[in-house]
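Protein chains: 2
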Amino acid sequence: MSDVRETTAEANSFRDTDGEIWPSVVERATRAIQAGDGEDLRDLVADLHEADVGSLLEALQPDDRPRLISLLGKNFDFTALTEVDDTVREEILEELSNDEVAEGVRDLDVDDAVYILEDLDHSDQAEILEKLPALERIALQRGLDYPEDSAGRRMQTDCIAVPPFWSVRQTVDYIRDTPDLPDTFYEVFIVDPAHRLLGAVPLDKLMRARWGDRIDSIATEDHQRVHATDDQENVALLMQRYNLVSVPVVDDSERLVGVMMVDDIVDVLDEEADEDLKALGGVKADEELSDSVWYTVKGRFPWLFANLLTALISASVIDTFEASIQAMVALAVLMPIVASMGGNAGTQTMTVTVRAIATRQLGRANAWRVIRREMTVGLMNGLGFALLLGTMAALWSGVPGLGVIIGLALMIVLTAAAVGGILIPLALHRLKIDPAVSSGPFVTTVTDVIGFFSFLGIATLWLSRS
Amino acid sequence: MSDVRETTAEANSFRDTDGEIWPSVVERATRAIQAGDGEDLRDLVADLHEADVGSLLEALQPDDRPRLISLLGKNFDFTALTEVDDTVREEILEELSNDEVAEGVRDLDVDDAVYILEDLDHSDQAEILEKLPALERIALQRGLDYPEDSAGRRMQTDCIAVPPFWSVRQTVDYIRDTPDLPDTFYEVFIVDPAHRLLGAVPLDKLMRARWGDRIDSIATEDHQRVHATDDQENVALLMQRYNLVSVPVVDDSERLVGVMMVDDIVDVLDEEADEDLKALGGVKADEELSDSVWYTVKGRFPWLFANLLTALISASVIDTFEASIQAMVALAVLMPIVASMGGNAGTQTMTVTVRAIATRQLGRANAWRVIRREMTVGLMNGLGFALLLGTMAALWSGVPGLGVIIGLALMIVLTAAAVGGILIPLALHRLKIDPAVSSGPFVTTVTDVIGFFSFLGIATLWLSRS
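First to last, the protein sequences are chains A and B.
If you count the first sequence from 1, position 237 lands on 237 in our numbering, and the numbers rise without skipping.
If you count the second sequence from 1, position 41 lands on 41 in our numbering, and the numbers rise without skipping.
Note that these hints are calculated values from the structure, not bench results.
Misleading hints may appear alongside valid ones.
In this list, chains with the same sequence are indistinguishable; a pair is considered to hold if it fits within one copy or across any two.
What the hints assert, rightly or not - When the alpha-carbon atoms are kept at most 30 Å apart in a straight line, the in silico BS3-like pairs for lysine-lysine are as follows:
id	residue 1	residue 2
1	205	74
2	131	74
3	298	205
4	284	74
5	298	74
6	284	131
7	298	284
8	284	432
9	298	432
Using the sequences and the accompanying hints, generate a full structural model.
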């Protein structure tokens with residue numbers, strides 16, 4: 001990996017070559033906060049991008065975070081709070097007074113303000129909204145009324161809309177002369193008198209069009225649109241699939257109500273991948289590095305508990321074969337190998353399956369082909385490891401029969417792992433249960449039980465025969 | 001989750017509510033291909049977005065994919081090949097003649113053409129390049145000369161650059177009058193006579209500026225830039241962090257050579273998250289659903305082999321305590337529970353750590369705080385499960401001492417899992433080894449060995465005393 005060190009002077013003094021914030025910056029900020037030195041703090045933060053202020057907040061000790069904001073006062077840009085972990089934001093907001101929060105979100109874009117306020121409890125939300133001017137209050141309230149994780153919550157509500165009969169020149173003049181336009185925009189939207197969306201014109205196309213042309217004559221055909229109640233994840237996948245930088249958002253009557261911007265979508269996609277990854281690792285989707293110990297313990301306990309139940313089932317399988325183990329302790333030594341190989345092979349298949357479901361690459365159209373492929377892979381790896389481990393076990397124990405037994409068990413468990421690793425996530429998905437969260441314990445149970453049962457079962461048959 | 005069904009008419013007839021391609025579409029395409037019916041195929045594909053054509057290709061049987069392209073001939077847009085899995089693309093390109101490929105990439109943007117050609121072997125690459133007109137050949141060759149996964153490989157080489165002394169009007173006129181400009185652009189760049197980058201002006205700002213102003217007077221201050229040799233992942237993190245839709249790319253002499261666009265960056269971020277997720281699940285970063293059985297077997301074997309070594313180490317630990325197991329078979333029944341709890345707790349911590357390292361949220365500035373937190377979490381969960389499992393084991397076996405032993409072992413292994421789960425990825429990262437790929441086997445070895453050793457060790461001490 002090369003580095004982005006020299007990308008800007010700021011990146012140089014704020015972040016190291018790896019993109020990590022310099023410890024010295026954190027130390028300076030901590031000193032300034034503890035000395036109550038608002039001036040030094042302002043010097044430090046003044047030229048920083050909101051994303052860097054966010055990173056700095058996260059790197060500080062929890063107690064110092066709200067103090068930084070209070071010390072900076074009007075010099076603190078609340079947009080930085082959209083760049084930090086949810087837990088960090090909630091903790092900070094709890095420490096700030098409702099007056100401070102109301103003052104801070106007042107000048108923000110609606111989507112940023114909604115993002116900051118949405119996780120507060122309703123009484124705080126109501127109190128803060130009351131402190132705002134009527135116009136802002138109404139806009140924020142409307143944003144908060146959309147369902148959680150919907151496009152309506154995350155969209156920019158300011159957008160440029162013009163009637164279809166305007167000329168290119170009229171549109172350009174309008175953009176140039178109207179003072180109250182959104183900060184950033186990549187498209188101009190065309191709407192009818194009822195504000196229903198008719199089409200969209202990207203800025204680069206608008207700039208290169210003939211002045212006299214009607215604006216609707218240069219609109220993009222079949223332009224994508226999404227509904228305010230659509231799930232953010234679906235909107236994100238749509239924008240990613242069709243390489244969109246912005247997409248208009250309409251209400252149930254097809255009226256233009258806002259626009260989703262690509263930078264928000266990047267964060268949504270990132271969150272989704274993050275959630276899947278954490279879910280597969282057995283931690284709650286929203287677990288963050290900044291969570292409290294108690295919150296983390298509570299979050300991880302259920303998964304460990306599910307694993308305990310799985311392990312107890314396995315133990316009861318082993319218990320059934322106590323007599324065989326008593327007769328041949330080597331079985332106890334070798335049995336964890338079989339279970340562990342099965343568990344890992346199952347996890348491999350499950351990981352690929354969960355990811356393919358999330359990215360919509362695995363569906364009815366190709367499920368059978370993929371299942372057959374996974375079974376073949378399981379069988380082949382099973383054969384390879386059966387030979388390898390079977391030989392080793394036979395040599396180690398001096399009992400050739402034991403090599404055959406562990407080889408057979410391994411082939412059974414690796415094939416079962418392949419089948420379970422793909423069918424379990426697919427079935428959960430069909431039942432509308434998130435496969436990333438729930439597949440793990442089921443797959444492990446299947447591979448453990450089949451692993452122990454096949455190895456100890458075959459061994460018992462063999463022992464009883466000889 | 002709501003749906004995006006009604007977003008467009010195309011989405012309706014091509015994809016279901018979940019964003020998956022309809023099986024009926026795949027069937028129709030398959031029928032047309034097998035009947036050699038180019039006309040029906042053209043009807044089906046004509047109005048599809050390149051991303052949808054890509055999805056269709058992936059959903060087809062491998063043999064049908066190159067046949068679809070040959071049947072469509074000039075009506076097939078090679079851009080669709082940038083939207084499919086690497087394996088699918090490679091298989092298709094192998095089946096097509098170099099003439100067909102040269103014809104297909106000829107009219108593509110340089111970045112798309114580079115993306116398609118970069119994985120071909122050198123002799124094919126050279127042969128295809130030779131068939132292209134000089135100008136395109138040189139542009140492609142330059143792209144291919146940049147290191148793999150660098151910004152230079154993925155950047156759009158067309159961009160709009162103007163001198164600093166031009167007025168806003170001159171710049172707008174230039175954009176309007178020059179025929180050969182890039183298809184899509186969000187910024188105009190300012191360069192000196194040696195084409196060194198001086199600044200950038202976003203289109204929306206340009207449109208709203210006074211005609212007479214000098215273009216450099218409205219340039220964004222401290223504009224981010226990246227180098228052509230920078231790693232794509234770092235560029236992607238930079239663009240995500242600062243919410244950029246495009247970022248200029250410069251060479252070693254700070255000359256403007258291209259621009260990275262956000263839609264490419266979305267794909268890079270997605271790939272990175274994907275790689276981490278797969279690596280943690282023990283599959284190769286580039287494993288895809290469309291890989292052949294043999295490729296998949298080869299990819300998964302090494303990880304299963306690493307796991308076998310781990311399991312053998314655990315087995316040898318168990319072997320040491322054979323006498324104790326012989327004396328008390330209940331130990332064999334319970335020992336997998338301890339190891340499995342440790343393995344899962346270690347995976348939880350490791351998952352959070354790996355993700356935090358990848359997103360640059362865990363570094364020197366906060367490592368100690370996080371390590372302390374994880375140890376506390378491990379101890380607390382250890383205590384909880386020690387009480388729970390200890391009681392269960394005592395009741396089940398009727399031997400109270402066994403409950404104490406398993407409780408103690410569980411506390412030791414869960415604390416060790418927390419420490420190992422965070423220190424191992426951090427150490428690997430410090431050694432410049434990708435923690436997502438390599439942490440798993442190490443963490444499992446630590447938790448297995450400590451789990452078996454502490455449980456069987458304490459039990460042996462206890463057995464020898466009583």
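Tell me the hint numbers this structure goes against, listed in increasing order. Violated hints (numbers, rising): 3, 4, 5, 6; every other hint is consistent with the structure.
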